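Listed below, chain by chain, are the residues.
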Amino acid sequence: MKAAAQEKFAFNKENEEVFQETLKKYPTKMAVLLPALWLCQKQNGHLTDEILEYVAGRLDLSPVHVYSVVEFYTMYHRRPPGKYHLQLCRTLSCTLCGCEELREHLAKRLGIAPGEKTRDGLFSLEEVECLGSCGTAPVMRVNEVYCENLNLEKVDKIIEMCKADKPLEEEPMGAH
Amino acid sequence: MSPRIISINFDKPDAHKLSVYEASGGYGSLQKLFTMPPDEVIEHVKNSGLRGRGGAGFSAGMKWSFVPKDTDKPKYLCVNADEGEPGTFKDRKILQLDPHMMIEGVIICCYAVGIHTAYVYVRGEYVKPARRLQAAIDEAYAKGYLGKNIQGTGFDLDVVIHMGAGAYICGEETGLIESLEGKKGQPRAKPPYPAVIGVFGCPTVVNNVETLSALPFIMNEGWQAYAKLGTEKSTGTMLFSISGSVERPGVYEGEFGVNLWDFIERSTGGVRGGRKLKAVIPGGSSSSILTADEARSTYLDYESIAAAGSMVGSGAIMVLSEEDCVVKALEVVARFYAHESCGQCPQCREGTYFISQIARRIENGEGSMEDIEKILDTCPLLMGVTVCVLADSIAMPAKSYIEKFREEFDQHVKEKHCPYRSAERKSAVL
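In the order they appear, the protein sequences are chains A and B.
Position 146 of the first sequence, counted from 1, bears residue number 149 in my numbering, the numbering being contiguous throughout.
Position 321 of the second sequence, counted from 1, bears residue number 1354 in my numbering, the numbering being contiguous throughout.
These aren't lab readings, by the way, just hints derived from the structure by calculation.
Fair warning: this is a prediction, and the values are worked out from it, not measured in the lab.
Hints should not be assumed to be uniformly reliable.
To be verified - Straight-line Cα separation of at most 27 Å, DSS-like style, residue types lysine-lysine; simulated pairs: (1) B:Lys1447 / B:Lys1437; (2) B:Lys1181 / A:Lys45; (3) B:Lys1437 / A:Lys16; (4) B:Lys1449 / B:Lys1432; (5) A:Lys32 / B:Lys1106; (6) B:Lys1106 / B:Lys1216; (7) A:Lys27 / B:Lys1176; (8) B:Lys1045 / B:Lys1065; (9) A:Lys27 / A:Lys86; (10) B:Lys1216 / A:Lys27; (11) A:Lys28 / B:Lys1432; (12) B:Lys1437 / A:Lys160; (13) B:Lys1437 / A:Lys28; (14) B:Lys1065 / B:Lys1161; (15) A:Lys28 / B:Lys1050.
To be verified - The following label-pair restraints were derived from C-beta to C-beta distances: (16) A:Lys28 / B:Lys1266: 47 to 57 Å; (17) A:Glu156 / B:Gln1257: 48 to 58 Å; (18) B:Asp1171 / A:Gly118: 51 to 61 Å; (19) A:Glu56 / B:Gly1306: 25 to 35 Å; (20) A:Asn18 / B:Gly1376: 44 to 54 Å; (21) A:Glu172 / B:Tyr1174: 38 to 48 Å; (22) B:Gln1257 / A:Asn146: 47 to 57 Å; (23) B:Glu1403 / A:Glu156: 40 to 50 Å; (24) B:Glu1399 / A:Pro117: 48 to 58 Å; (25) B:Ala1175 / A:Thr31: 45 to 55 Å.
Note that beta-carbon positions come from the ideal geometry of N, C-alpha and C, so glycine has one too.
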């Protein structure tokens, strides 16, 4: 029923242009797989089976190749994430700077465990490995935005900002 | 005060813009570059002693010289901006604060090796740094530093950003190549090395962002000026990412050969909150741990750190204070490698998971003395037996954590809890 009600996936005009331009930059079609998947995720928010078959078709790849590649990487969403996807770093520097406390706080405040999404679809929580921002630990990515030097108050403020649909800004990067 | 080469523009406002970069002499090395025969450039970089800053520390000029000269195939440069070794955050700084210095380095490398296409593989999370880099690339094209017939020399070069999608192993050079080709980032058996058969079956140089950023200085000031810095075998400077329990964590450029703890203390103001130093992890989470005494008596260069039983790696220094738990550190680091194992070699796939499960058990107060021995028995089974060094990257640190801080592991077992966890967190399920 669901499939019948939905239109078939295809790149929109803008993304089709990007896709065509990207093809010119590589000697093989297969090399365009990761960029094409990013483009699909940008357009649709997550990657359905139908999208993976579509990408396979556009790049002359076997669907099973596309499936195995998608599963290998952590940043492709096979299910819709929350509107705000919270990616809390859990690796060593962030642990030394208190990320576990933040995780407990977030889980309690949002009522979800890592890997889950709030019922209203606003937040999903994921624990991730080193985000490459250890000098400003603890750190969390909210969608594409790095939120650094976190503490409980800052985390609460971020949640409030998201709830109010206000944009998050990265702190200016210091010289060190 | 250490000389600054890579980070010299980091505190200049708008240093990421071409006009600012040019005003401080940026792209000035190209004039000299294009008058030199490519082979001479390679010799120049070899003589400078510059070593790869991604972790392996191999001579950059030597790596370039392995690319065959008499090939009909196109050659490629892959810039490794898949910064992922826990504790490392210096390439993010370069990409965001001074991308043109790296682009200038890319031009130098490509001219020397005869490359006309460079792919910059940026980790998927670095969206903002990638945007900065793309803006810089666009500026460089517009000004004739990239594209066809660069500066009227007849030399062509295209630079393409390729975004990763979340996989530590793509920082390993053959994992990166596989990923760039549109596959799972599973490392290849070597030989053949990428210099001979790399991306798309063609000769390929894979260089780290920071390695390339050192090239404009080497071209401008001469290899002698670079080789004069540091020690005989560890020449020049390196960006050290210092994090953990220090007052002012950050990226600090240091000249090789200085005292390790002295450098950390001078740069960051020492251990956070005036606590006592317990340990230093000097080269990313895959390096062996050093005790406080070792950190105080070791010098910061490839040979000295190796002599102390660890490695410079990616220059990611992590500091543990007297209040930090080494068992917890092992649990977290082992979990990382178990999560990031690509799964193709059984020893790595099973071994990383095995160690992480046992470390977790011990940290949670549910381990036995036998468990500690199990980790020690497992470590040698993971070393030197797999396609890449990911398995070694947990075996080496795990062994060192236990051997150097055995009493902490014993204490966890005997007291059946982590003595470093605060009272209210002792009962928390982590």
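Hint check results:
1. B:Lys1447 / B:Lys1437: holds, 18 Å
2. B:Lys1181 / A:Lys45: The given pair, whose Cα atoms are some 32 Å apart, is violated under the 27 Å limit.
3. B:Lys1437 / A:Lys16: Judged against 27 Å, a Cα distance of about 60 Å means the pair is violated.
4. B:Lys1449 / B:Lys1432: holds, 22 Å
5. A:Lys32 / B:Lys1106: holds, 18 Å
6. B:Lys1106 / B:Lys1216: The given pair, whose Cα atoms are some 22 Å apart, holds under the 27 Å limit.
7. A:Lys27 / B:Lys1176: Within the cut-off at roughly 22 Å; holds.
8. B:Lys1045 / B:Lys1065: holds, 26 Å
9. A:Lys27 / A:Lys86: Violated, because 33 Å separates the two Cα atoms, which is more than 27 Å.
10. B:Lys1216 / A:Lys27: Cα-Cα ~19 Å, so holds.
11. A:Lys28 / B:Lys1432: Roughly 45 Å between the alpha carbons, so the hint for A:Lys28 and B:Lys1432 is violated.
12. B:Lys1437 / A:Lys160: Not satisfied, since the Cα-Cα distance of roughly 42 Å exceeds 27 Å.
13. B:Lys1437 / A:Lys28: violated, 51 Å
14. B:Lys1065 / B:Lys1161: violated, 33 Å
15. A:Lys28 / B:Lys1050: holds, 25 Å
16. A:Lys28 / B:Lys1266: 47 to 57 Å: violated, 39 Å
17. A:Glu156 / B:Gln1257: 48 to 58 Å: This hint holds: roughly 53 Å between Cβ atoms.
18. B:Asp1171 / A:Gly118: 51 to 61 Å: Hint violated: Cβ distance 39 Å, outside 51 to 61 Å.
19. A:Glu56 / B:Gly1306: 25 to 35 Å: With Cβ atoms ~56 Å apart, the hint is violated.
20. A:Asn18 / B:Gly1376: 44 to 54 Å: violated, 32 Å
21. A:Glu172 / B:Tyr1174: 38 to 48 Å: With Cβ atoms ~29 Å apart, the hint is violated.
22. B:Gln1257 / A:Asn146: 47 to 57 Å: holds, 48 Å
23. B:Glu1403 / A:Glu156: 40 to 50 Å: 44 Å Cβ-Cβ, so the 40 to 50 Å window holds.
24. B:Glu1399 / A:Pro117: 48 to 58 Å: violated, 21 Å
25. B:Ala1175 / A:Thr31: 45 to 55 Å: violated, 29 Å
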